[in-house]
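Dock chains B and C against the given chain A, drawing on the hints supplied.
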Amino acid sequence: MKKLIKEVVETFGPSGREDKIREIITKKMENHVDEIKEDSMGNLICIKKGKGPKIMVASHMDEIGIITTHVTKNGFLRFSPVGGVSPVRCIYQRVIFENGVKGVVGIEPVKKLSEIEFDKLYIDIGAKSKKEAREMLGEGFFGAFVNNFDELNDLYVAKSMDDRVGCAVAIKAAEKLKKTDNEIYFVFTSQEEVGLRGAKASAYNLDPDLGIAIDVTGSADTPEAKKMPMKLRNGVAIKVKDRSVLVPKKVKDFFIKVAEKNKIKYQLEVLQYGGTDAGAINLTKSGILAGVLSIPTRYIHSVSEVLSKDDVQNTIDLLTKILESDISKII
Amino acid sequence: MIDLLEKYSNAFGVSGYEDEIREVIKESLKDNVDSIKTDFMGNLYGYKKCGEKNAKKVMVIAHMDEIGFMIDGVTKNGFLHFRRVGGIDPRILVSKRVLIGKDKIPGVLGAKPIHLQNRSEWKKPIPMQKLYIDIGAKNQKKAKSYISKGDYATFNTKFEMQEDVLFGKAFDDRAGCGIITEILRGLEDDQHYPVDIIAVFTVQEEVGLRGASVLAEREKPDYVIAFEGTTAGDVPDPEKRDQSPSTQMRKGPSITVMDRTTIGFRKLKEHFERTAEKNNIPYQYKRSVTGGTDIGVIHTKGGIPSIVISTPVRYIHAPRGIMALEDYKNTANLAINGLKNFKEVL
Amino acid sequence: MSTREILRSLTESSGISGDEFEAAEVIRKFFSQYSDEAYIDKFNNVYGIKKGAKSNGKIMFASHLDQIGLMVNKIDKNGFIYFVPIGGHDPRVLLGQNVEIQGKEKIKGIIGSVPPHLQKPKDRKKVTPLDDLYIDTGLKADFIKENVSIGDSIIFDTSCVKLKDDCYASQAMDNRAGVLVLIEVLKVLSNLKHNWDVYMVGTCQEEVGVRGAAMSAYEIKPNVGVVIDVTFGFSPGSNKYEVVKLGNGGTIAMGPNFHPGLTDKIKKLAENWEIKYQETFIPRPGGTDAYSFQISGEGVPVIQMGIPLRYMHTTVETLNLKDIKRMAKILALFVSEVDKYYKEVEH
Chain A
1 MKKLIKEVVE TFGPSGREDK IREIITKKME NHVDEIKEDS MGNLICIKKG
51 KGPKIMVASH MDEIGIITTH VTKNGFLRFS PVGGVSPVRC IYQRVIFENG
101 VKGVVGIEPV KKLSEIEFDK LYIDIGAKSK KEAREMLGEG FFGAFVNNFD
151 ELNDLYVAKS MDDRVGCAVA IKAAEKLKKT DNEIYFVFTS QEEVGLRGAK
201 ASAYNLDPDL GIAIDVTGSA DTPEAKKMPM KLRNGVAIKV KDRSVLVPKK
251 VKDFFIKVAE KNKIKYQLEV LQYGGTDAGA INLTKSGILA GVLSIPTRYI
301 HSVSEVLSKD DVQNTIDLLT KILESDISKI I
Chain B
1 MIDLLEKYSN AFGVSGYEDE IREVIKESLK DNVDSIKTDF MGNLYGYKKC
51 GEKNAKKVMV IAHMDEIGFM IDGVTKNGFL HFRRVGGIDP RILVSKRVLI
101 GKDKIPGVLG AKPIHLQNRS EWKKPIPMQK LYIDIGAKNQ KKAKSYISKG
151 DYATFNTKFE MQEDVLFGKA FDDRAGCGII TEILRGLEDD QHYPVDIIAV
201 FTVQEEVGLR GASVLAEREK PDYVIAFEGT TAGDVPDPEK RDQSPSTQMR
251 KGPSITVMDR TTIGFRKLKE HFERTAEKNN IPYQYKRSVT GGTDIGVIHT
301 KGGIPSIVIS TPVRYIHAPR GIMALEDYKN TANLAINGLK NFKEVL
Chain C
1 MSTREILRSL TESSGISGDE FEAAEVIRKF FSQYSDEAYI DKFNNVYGIK
51 KGAKSNGKIM FASHLDQIGL MVNKIDKNGF IYFVPIGGHD PRVLLGQNVE
101 IQGKEKIKGI IGSVPPHLQK PKDRKKVTPL DDLYIDTGLK ADFIKENVSI
151 GDSIIFDTSC VKLKDDCYAS QAMDNRAGVL VLIEVLKVLS NLKHNWDVYM
201 VGTCQEEVGV RGAAMSAYEI KPNVGVVIDV TFGFSPGSNK YEVVKLGNGG
251 TIAMGPNFHP GLTDKIKKLA ENWEIKYQET FIPRPGGTDA YSFQISGEGV
301 PVIQMGIPLR YMHTTVETLN LKDIKRMAKI LALFVSEVDK YYKEVEH
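Residue numbers (the working numbering), protein chains in the order written: chain A, 1 to 331; chain B, 1 to 346; chain C, 1 to 347.
By construction, these hints were calculated from the structure, which means they are not laboratory data. Misleading hints may appear alongside valid ones.
Lysine-lysine pairs mimicking DSSO-like chemistry, simulated, CA-CA at most 30 Å apart [said to hold, decoys possible]:
id: 1; chain 1: A; residue 1: 111; chain 2: A; residue 2: 73
id: 2; chain 1: A; residue 1: 265; chain 2: A; residue 2: 6
id: 3; chain 1: C; residue 1: 77; chain 2: A; residue 2: 249
id: 4; chain 1: C; residue 1: 140; chain 2: A; residue 2: 226
id: 5; chain 1: B; residue 1: 267; chain 2: B; residue 2: 240
id: 6; chain 1: B; residue 1: 57; chain 2: A; residue 2: 285
id: 7; chain 1: A; residue 1: 176; chain 2: A; residue 2: 231
id: 8; chain 1: A; residue 1: 102; chain 2: A; residue 2: 112
id: 9; chain 1: C; residue 1: 122; chain 2: A; residue 2: 226
id: 10; chain 1: B; residue 1: 144; chain 2: C; residue 2: 265
id: 11; chain 1: A; residue 1: 285; chain 2: C; residue 2: 58
id: 12; chain 1: A; residue 1: 261; chain 2: C; residue 2: 74
id: 13; chain 1: C; residue 1: 58; chain 2: C; residue 2: 29
id: 14; chain 1: C; residue 1: 221; chain 2: A; residue 2: 249
id: 15; chain 1: C; residue 1: 325; chain 2: B; residue 2: 149
id: 16; chain 1: C; residue 1: 340; chain 2: C; residue 2: 187
id: 17; chain 1: A; residue 1: 249; chain 2: C; residue 2: 145
id: 18; chain 1: C; residue 1: 106; chain 2: A; residue 2: 227
id: 19; chain 1: A; residue 1: 112; chain 2: C; residue 2: 122
id: 20; chain 1: B; residue 1: 340; chain 2: B; residue 2: 49
id: 21; chain 1: C; residue 1: 276; chain 2: B; residue 2: 138
id: 22; chain 1: A; residue 1: 176; chain 2: A; residue 2: 27
id: 23; chain 1: B; residue 1: 76; chain 2: B; residue 2: 37
id: 24; chain 1: B; residue 1: 53; chain 2: B; residue 2: 37
id: 25; chain 1: C; residue 1: 58; chain 2: C; residue 2: 42
id: 26; chain 1: B; residue 1: 124; chain 2: B; residue 2: 240
id: 27; chain 1: C; residue 1: 340; chain 2: B; residue 2: 102
id: 28; chain 1: A; residue 1: 54; chain 2: A; residue 2: 227
id: 29; chain 1: C; residue 1: 267; chain 2: B; residue 2: 141
id: 30; chain 1: C; residue 1: 322; chain 2: B; residue 2: 76
id: 31; chain 1: A; residue 1: 231; chain 2: C; residue 2: 77
id: 32; chain 1: A; residue 1: 250; chain 2: A; residue 2: 231
id: 33; chain 1: C; residue 1: 29; chain 2: C; residue 2: 104
id: 34; chain 1: B; residue 1: 112; chain 2: B; residue 2: 142
id: 35; chain 1: B; residue 1: 240; chain 2: B; residue 2: 53
id: 36; chain 1: C; residue 1: 221; chain 2: A; residue 2: 329
id: 37; chain 1: C; residue 1: 221; chain 2: B; residue 2: 301
id: 38; chain 1: A; residue 1: 227; chain 2: C; residue 2: 104
Isolated chain A (complex conformation) (with noise of 0.2 Å):
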């Protein structure tokens, strides 16, 4: 597990450009499930053929990132976010340009903290003149931010573990799960990051009977945290809530007891900000139900994600559970 999600963590994918990470996916995936394709949005649909009712699980492959801009007299760029970034988390960050350009994020002298936006930073790619940089980069590149996987104790540590850990996520479920009636749709969406687009598009086209995101969210253990439920540690959370979606008590219920049947360690999730696919699928068409299991993260949107690979664990297994049961009664 481990040497899969350093691998999944470090692959270049901002929104819009997820092709690398597509193609590691694919590999991954390839001796799982009976079909593989990709749609027009770029999302990656893995299929395991069954009889019973459609399940669709989504796992976004794209990370936050940059867009370049414009290039200054100097040979600088400057840049906007893909995805929610803030400007103070970019400050002297390493990036990579879709190109393998390499770059630094640098800041202009600002009296106050609370002057830092992005029109204050620009990329530093070592240019020599804005000639130079039009030919290493230009305008509209995109760029990931830069930083390897690591242990922390029991603790895993690296960049865009949202969602690249969701991701191997449901690359491992795939892996472990047995023989179900179920049709399961592994679906590694696109652009949710600027919007849950990858997930609109595919619950569109395939119309599932019950849809579960992985993805991370939040927790409370650190000094001076918001008061949240979640901590790391406590096991695969069941999401009850986030700004996108109200999870349907039936679905939470189920979940619940699929984790007590099997004796999964898990948590109740109750988040005041943030969306996941989840909120995409539920608003399809006439409604689709649809429920989120979350891995409680350090961090979120900086280059140092912080989770623990117990909780990861945990959210293996109440998935592959999940998948192999009957969920007719629910639908």
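Chains B and C only, in chain A's frame:
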């Protein structure tokens, strides 16, 4: 081409009341499409089939509505209280002229003369609550005989050309409407596009992409291309910052890589780049991630490849904008050629 | 049951966004009294269908049945309960309120505050942020941990009070009063001829994103939609261009979200029958079920009527019952003639 744009720019059509511009566009479409229809929201559709079996459907869209005002009250003294329709910076409102309602009653956005203000008042922009429209009515009763609450108003700006530059209101997005009209009439009699064209002039884009929200289900297009009049920020900056102007005048049509509502599909982006290069049409990229378009509410319904092509306009969402004639012509040119060789995308 | 009693029954049942089942069941029973078929779907939207003489068209009313409330977020070791808001809340309104937790059983509590005697003078001037508020049930921590879970719904626990001159105050008037209008329309329709089928829908999850309306409209695909919600009523300090008077009739909304032809028709209808109404101006679609209803699927032409309401999103939301009765009349008349209008207005 310019006469058409003039008619489009001058026409009245605030979000929610696009009747006049719809009729003007309908007139221009008449001889250039196979059929025309409207829907309950007021969107205007023009269909141009290519005659080939199983042809792909390319939807080209531009919004007909413009920003403006809605009258929501009449004071005892006969002045009109109003709300903004669409995004308008309140600082540009004072001392401007408007036209109200079906009968286009002229009005002015008055302000207290500076002689009667104290110095501290000059330093702050006039807040929305202190703005009102004066139609010259004697009192409340008289005012109500000229206009009704719920009437819409727009800036009273007439289109004008000066050398190679165009002045007018609502280039966002009457320029887009003009470009689509040019697409529909841009071919010789014996030519046709390799795809079926569905031209849609949408309503209520400025208040939340409303008209476009019903298009994906209604028409189920294979591709969507939106034509916009977008911000050209190449104007003096008092702070002299080295920042992106978004687009620049006289640098040609702009291709949007990413805006707030869509990440442009690469295949289409590359197709228009190639088309521009092949036909020697200058082009630029929209160098900011600001703004959204109708495509935002269309492309996620099942995943429809889309892209936005815009013509640079200075001072959009203001009473009078400026556009370079060459940019407008080049955008139309790029659009027509891009559709002519659309087979390269399929 | 009288209109007053129905209103009481509606406002006192529990149904916060996402957890509407109890209120949905109460509404379903009322719908089934006056329509041919009534049922609740898997998302807690409630439907009441009254068939028309010709069944050659569908008109769907949407009135959201969810109320704002709170959700259990954390239970501390002493049994005090911390919560998150569901829907929009002014935290100043919460202090000292009576609440009822919908746990394994219904448990009453108070949103606690530090007594003024124990506060420093400067602290008394501050607003306590919502995150620091908590519920005190007085019960032992073990009992709470047994019977209350993270995610349980919490409603305000006050009853509907009758004020003077036909006014009533309660929590959840937003939007059980709207549901009441649907029931009243059904009552009037039992004496009126209408050709189209009428779908009365109590929609779920409006307060968190107008979701129920999107889902149910997509499912039913009506020819015409009518949204009933509450609107801002005058109280001291309001900006007069943003509010309407209580007792002067329901409001008919104007703006891009509402079909101008149909809006015009219902206004003229009210004028013909001398039923009082007021106008609201909404230049930007948003804030009610009409937002998602108008653009669901291939789109639906909608109109909207509003119930003037003071003190929205508090436990003393106040309305005038006369406005509801007037609205019910106009709307029922509209239903009986809508198939005629539908042909006349542009589609």
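Hints, verified against the model:
For the hint pairing residue 111 (chain A) with residue 73 (chain A), the CA-to-CA distance comes to about 24 Å; that is within 30 Å, so the pair holds. Between residue 265 (chain A) and residue 6 (chain A) the CA atoms are separated by roughly 24 Å; this keeps the pair inside 30 Å, and the hint holds. With a C-alpha separation of about 26 Å, the suggested pair residue 77 (chain C) and residue 249 (chain A) falls inside the 30 Å cut-off, and the hint holds. Our distance criterion of 30 Å between C-alpha atoms is met by residue 140 (chain C) and residue 226 (chain A), whose separation comes to about 25 Å.
Taking the CA atoms of residue 267 (chain B) and residue 240 (chain B), the gap is about 37 Å. The hint is violated against a cut of 30 Å. With a C-alpha separation of about 23 Å, the suggested pair residue 57 (chain B) and residue 285 (chain A) falls inside the 30 Å cut-off, and the hint holds. The hinted pair formed by residue 176 (chain A) and residue 231 (chain A) meets the criterion: a straight-line CA distance of about 26 Å does not exceed 30 Å. Between the alpha carbons of residue 102 (chain A) and residue 112 (chain A) the distance comes to roughly 29 Å, so the proposed pair stays at or under 30 Å and holds.
Taking the CA atoms of residue 122 (chain C) and residue 226 (chain A), the gap is near 25 Å; set against the 30 Å cutoff, the hint holds. A hinted pair counts as satisfied when its Cα atoms are at most 30 Å apart, and residue 144 (chain B) with residue 265 (chain C) qualifies at roughly 21 Å. Taking the CA atoms of residue 285 (chain A) and residue 58 (chain C), the gap is near 19 Å; set against the 30 Å cutoff, the hint holds. With a C-alpha separation of about 25 Å, the suggested pairing of residue 261 (chain A) with residue 74 (chain C) holds against the 30 Å cut-off.
For the hint pairing residue 58 (chain C) with residue 29 (chain C), the CA-to-CA distance comes to about 22 Å; that is within 30 Å, so the pair holds. With a C-alpha separation of about 27 Å, the suggested pair residue 221 (chain C) and residue 249 (chain A) falls inside the 30 Å cut-off, and the hint holds. Of the pairs offered as hints, the one joining residue 325 (chain C) and residue 149 (chain B) holds, with about 25 Å between alpha carbons and a cut-off of 30 Å not exceeded. For a cut-off of 30 Å, the pair hint linking residue 340 (chain C) to residue 187 (chain C) stands: about 22 Å separates their Cα positions.
Our distance criterion of 30 Å between C-alpha atoms is met by residue 249 (chain A) and residue 145 (chain C), whose separation comes to about 19 Å. With a CA separation close to 24 Å, the supplied pair residue 106 (chain C) and residue 227 (chain A) stays within the 30 Å bound. Proximity of residue 112 (chain A) to residue 122 (chain C) is assessed by CA-CA distance (about 29 Å); at most 30 Å being required, the pair is judged to hold. Simply put, residue 340 (chain B) and residue 49 (chain B) have alpha-carbon atoms about 13 Å apart, close enough for the 30 Å limit, and the pair holds.
With a CA separation close to 28 Å, the supplied pair residue 276 (chain C) and residue 138 (chain B) stays within the 30 Å bound. With a C-alpha separation of about 16 Å, the suggested pairing of residue 176 (chain A) with residue 27 (chain A) holds against the 30 Å cut-off. Restraint check for residue 76 (chain B) and residue 37 (chain B): not satisfied, since their Cα atoms lie roughly 44 Å apart, outside the 30 Å limit. Simply put, residue 53 (chain B) and residue 37 (chain B) have alpha-carbon atoms about 23 Å apart, close enough for the 30 Å limit, and the pair holds.
Taking the CA atoms of residue 58 (chain C) and residue 42 (chain C), the gap is about 22 Å. The hint holds against a cut of 30 Å. Of the pairs offered as hints, the one joining residue 124 (chain B) and residue 240 (chain B) holds, with about 23 Å between alpha carbons and a cut-off of 30 Å not exceeded. Between residue 340 (chain C) and residue 102 (chain B) the alpha-carbon distance is near 26 Å, which keeps this suggested pair within the 30 Å criterion. Restraint check: the Cα-Cα separation between residue 54 (chain A) and residue 227 (chain A) comes to about 36 Å, which exceeds 30 Å; the hinted pair is violated.
Of the pairs offered as hints, the one joining residue 267 (chain C) and residue 141 (chain B) holds, with about 21 Å between alpha carbons and a cut-off of 30 Å not exceeded. Taken as a hint, the residue 322 (chain C) and residue 76 (chain B) pair is honoured in the structure, with Cα atoms around 29 Å apart against an allowance of 30 Å. Of the supplied pair hints, the one linking residue 231 (chain A) and residue 77 (chain C) holds, its CA atoms being roughly 16 Å apart against a limit of 30 Å. In summary, the hint linking residue 250 (chain A) to residue 231 (chain A) is supported, as the alpha carbons are separated by about 24 Å, within the 30 Å threshold.
Restraint check for residue 29 (chain C) and residue 104 (chain C): satisfied, since their Cα atoms lie roughly 24 Å apart, inside the 30 Å limit. Of the pairs offered as hints, the one joining residue 112 (chain B) and residue 142 (chain B) holds, with about 23 Å between alpha carbons and a cut-off of 30 Å not exceeded. Of the pairs offered as hints, the one joining residue 240 (chain B) and residue 53 (chain B) is violated, with about 56 Å between alpha carbons and a cut-off of 30 Å exceeded. With a C-alpha separation of about 27 Å, the suggested pairing of residue 221 (chain C) with residue 329 (chain A) holds against the 30 Å cut-off.
The hinted pair formed by residue 221 (chain C) and residue 301 (chain B) meets the criterion: a straight-line CA distance of about 18 Å does not exceed 30 Å. Our distance criterion of 30 Å between C-alpha atoms is met by residue 227 (chain A) and residue 104 (chain C), whose separation comes to about 23 Å.
Hints 5, 23, 28 and 35 from the earlier list are contradicted by this structure; the remaining hints agree with it.
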